[in-house]
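A.B. asks: Generate coordinates for the entire structure from the input sequences, incorporating the hints supplied.
My numbering puts the sequence shown at residues 75 to 188.
Be aware that one or more of the hints could be misleading.
Listed next, with one range per pair, are the computed distances between beta-carbon atoms [as the list claims (entries may be wrong)]:
1) D135 - S170: 21 to 29 angstroms
2) E173 - A136: 19 to 27 angstroms
3) A152 - T108: 32 to 40 angstroms
4) G166 - G126: 26 to 34 angstroms
5) A109 - S85: 26 to 34 angstroms
6) Q171 - D133: 21 to 29 angstroms
7) F125 - S85: 25 to 33 angstroms
8) A109 - G175: 33 to 41 angstroms
Please keep in mind that the hints were generated in silico from the structure rather than gathered at the bench. Every residue, glycine too, gets a C-beta built ideally from N, C-alpha and C.
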Amino acid sequence: LNADLPTYPESPLTWDDTVGPILEARCVACHGGTAGLYLDTYEGAMAGGNFGPAIVPGDADASLLIQLQREGHPNSLAPQELEWIAQWINEGAPESQQELGDASDGRSLASSLP
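C.D. replies: See the structure below:
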């Protein structure tokens with residue numbers, strides 16, 4: 075693993091703390107605009123590319139990013155990295171810890187725990 079990647083991510087997972095650094099290290103060199111997909115920013119990743127949404131918050135199985143990795147994408151993510159990203163998507167794909175604590179949308183850390 076790259077030394078810049080977390081060895082054990084903070085929980086809950088966020089783009090800023092875990093997912094963004096993984097994608098920056100592993101994906102951006104090839105997917106920094108390929109097919110209209112920009113994985114170098116949260117906004118770009120959430121917007122998707124020419125083939126539709128790369129990330130469907132709350133549904134990793136419907137997210138193209140996860141589907142392609144599970145189908146054996148060349149230069150695939152490490153299994154643990156893929157697991158973290160799928161977990162992050164299933165948790166709603168939050169951008170930051172601040173977003174998790176934002177009571178204005180009715181979500182809080184306590185409400186996101188099982």
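A.B. asks: Hints first: check each against the structure and report whether it holds.
C.D. replies: Each hint, compared with the structure:
Separation of D135 from S170 is about 24 angstroms and conforms to the stated range, judged on CB atoms against 21 to 29 angstroms. For the pair E173 and A136, the beta carbons lie near 21 angstroms from each other, so the given range of 19 to 27 angstroms is met. Take A152 and T108: their Cβ atoms lie about 21 angstroms apart, and the range 32 to 40 angstroms is violated. Range check, G166 to G126: about 19 angstroms between beta-carbon atoms, so the 26 to 34 angstroms window is missed.
For the hinted restraint 26 to 34 angstroms between A109 and S85, the CB-CB distance of approximately 32 angstroms keeps it satisfied. At roughly 22 angstroms, the beta carbons of Q171 and D133 sit within the given window of 21 to 29 angstroms. As the Cβ distance of F125 to S85 is approximately 31 angstroms, the hint placing it in 25 to 33 angstroms holds. Evaluation of the 33 to 41 angstroms hint for A109 and G175 yields a pass: the beta carbon distance comes to about 35 angstroms.
When held up to the earlier numbered hints, the structure conflicts with 3, 4 and fits the remainder.
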